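Asks: Now for the letters of each chain:
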Amino acid sequence: MTAKLRILLPQLLVLAIVVGLGAYLIHNTLDNLARQGVATGFAYLDREAAFEIGEKLIPYTSADSYGRALLVGLANTLEVGVLGCILATILGLIVGVARMSRNWLIRHIAALYIQAIRNVPLLLQLFVWWDLFRVSAPPPRQAWQIMPGFFLSNRGLTIPLPSFEGGFHWDIPHLAGFNFAGGHIVTPEFAALLIGLVIYTAAFIAEIVRAGIEGVSKGQTEAALALGLKPRQALFLIVLPQARRIILPPLITDYQALIKNSSLAVAIGFPELMAITNTTLNNTGQAIEAISLMMIIYLGLSLITSALLNWYNARLALKGMAR
Amino acid sequence: MKAIAWARANLFNGVWNTILTLVAGYLIARGAWMAIDWGLIHAAWSAPDGRACRAITNDEGACWAFIEQWYRFILFGRFPPGEQWRALIVVILFIGMVVVSCDRRLWRSAWPITAIWVVGLIVSFILMHGGVLGLPVVTTDLWNGLPLTLFLSVIALAGAFPLAILLALGRRSDYPIIRALSVGYIELVRGVPIISILFMASVMLPLFLPAGVNIDNLIRALVGLMLFYAAALAEVIRGGLQAIPTGQYEAADVLGLSFGQKTRLVVLPQALSITIPPLVNTFIAAFKDTTLVTIVGLFDLLTTASNSITDPQWRGFYVEAYVFVAAIYFVFCFSMSRYSRSLERSTER
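As they're listed, the protein sequences go chains A and B. If you use numbering that gives the first Met the number 0, the first sequence corresponds to residues 0 to 322, in order. If you use numbering that gives the first Met the number 0, the second sequence corresponds to residues 0 to 348, in order.
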């Protein structure tokens, strides 16, 4: 009996402290909210948001609700997250392989990239990319035409879109007054966020890729070369497929980091989840609800990312090996 | 001769490699030339204002005159100019304390380093805040720039450390309730963006406290960073705990050590010394993450830089400002990462 008690007592003590502290904080909070006359609850989600959102993947007007605005933000987060993860993986793979190149120059360029990017804060890099588009790019009338239809100006980058209205044709952007019309415009905010996240995350992925390649036994490469495979074939057919097993678990962490880091958009004004939450809590004063909701969504995104990749990882695992 | 042989082996072995070397070499040389041309040859080192500077550089070079005019603001922000020597001493003191702490001869006991930091932090606080010894008071909203960045990262990490040890031990505890609480905290905090924790600290912390208690913006950010770093550090320390062979725990049990003695004398010293290289990496990440306090309205090194480029006389010299600040961050982070690498190598041996 005393043994059981000795196990139970410290736990109950800790639990009591945590619950007590929680209750104290909640009590204070309710007290403060009542004094400030702020209503609690999620009813605000149905109220009219009355603010515009510059970029949206799903239809939204300022007459829509806060809940809808949050969805627009979530969609933008997902857009940046998915595109960012794909592009960062590609760039990270290239840099990681280059880091292992037998060519001295290539190897050291990759090392320089990794060191320079990893040792400077991401937010600073985002500011630089943002200003590069906003300040250094020319106004629309003097836009640089990269390819027909692709104009780079301080309003962003225009991209032609296929259109099916009245038969198939390309909706090609053109100058109309002081801005471009037609096609799709990648705003400076979106471009800065995406480029910044991709370049930053790729530097981390490159190191993972390098560790993964180093983790594959050298005998594998030697065997492949002995079989008459070319070095590049050995890399793509023998080494990288095996390195995947080592690369994937830490890659999950980097994908989650990229999605979480997309919240830095709030500092450069891209309307994703964090920015919309910020606007919402400033307009409604419902800080607790808005912040908790946002945290739950980010937590959910993290869990989904890791679930998807763990499922893929399990499929990659060697058959018959204990996990 | 040796150089040619080396070049043949490392740069020009095979057609494909030769092409790669030539293309990459051309691009690097061109990039380097552009950087030198912009940063040195066409640069202006002194000018009374932005327009005059642009006239000198003809928009083809860097305007380092901007840094000459603004470096004090970028480094110390709105700290009263006449008192900035105090902030400078604090910066030097912090760097000195970090450098001294890296000396492994001091690690045999925890006391020397703890004593250095406690005394150093008290001295820095007195220097920054003033109000004694005839120093005028400088309120915390004027603690800007580099001193703020150093203060935030060091104090938040120091405060997070004990909590992180408790969480790491809790996560490996035999007690299910304690384990569940630790796992819950760590996973929750690590699953959300650090900005959301900072928002929470800045918006919700005042709500959590009894009415009438007002807390400083700086403290709010510190609490937020501390809560976040604790979870990150806990995971690193857990890695160290897992690396200790079970024989160590069993030996301690056989010797009749209590849980407290076992943890303090056997487990933690070993776990922490294994984890020092990854801990330094976490410190680097934490140092970079302090830039996010700009979002909750604090004037750290990045905020002072981004504010300096909005001055009407000097508008738009963002590259100069950000290169200057990036160089400072780089020096700190790169030397820390070099140090962590050298530690890793010495423990591998």
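No wet-lab data here; the hints were simulated from the structure. If you're wondering where the values come from, they're calculated on a predicted model, not measured in any experiment. Possibly wrong hints are sitting among the right ones.
What the hints assert, rightly or not - Below, in silico cross-link-like pairs of lysine-lysine (DSS-like), each with a Cα-Cα straight-line distance of 30 Å or less:
(1) B/Lys-261 x A/Lys-217
(2) B/Lys-1 x A/Lys-3
(3) B/Lys-1 x A/Lys-229
What the hints assert, rightly or not - Partial chain A-side listing against chain B, Cβ under 7 Å, derived:
(4) Leu-20
(5) Leu-24
(6) Phe-126
(7) Ile-145
Ideal Cβ placement from N, Cα and C applies to all residues, glycine included.
Asks: So, for every hint listed, does it hold in this structure?
Replies: Against the structure, the hints:
1. B/Lys-261 x A/Lys-217: With Cα atoms ~42 Å apart, B/Lys-261 and A/Lys-217 exceed 30 Å; violated.
2. B/Lys-1 x A/Lys-3: Violated, at roughly 75 Å.
3. B/Lys-1 x A/Lys-229: holds (28 Å)
4. Leu-20: Hint on A/Leu-20: violated, closest Cβ of chain B at ~10 Å, above 7 Å.
5. Leu-24: Since the shortest Cβ distance to chain B is 4 Å, the answer is holds.
6. Phe-126: holds (6 Å)
7. Ile-145: violated (19 Å)
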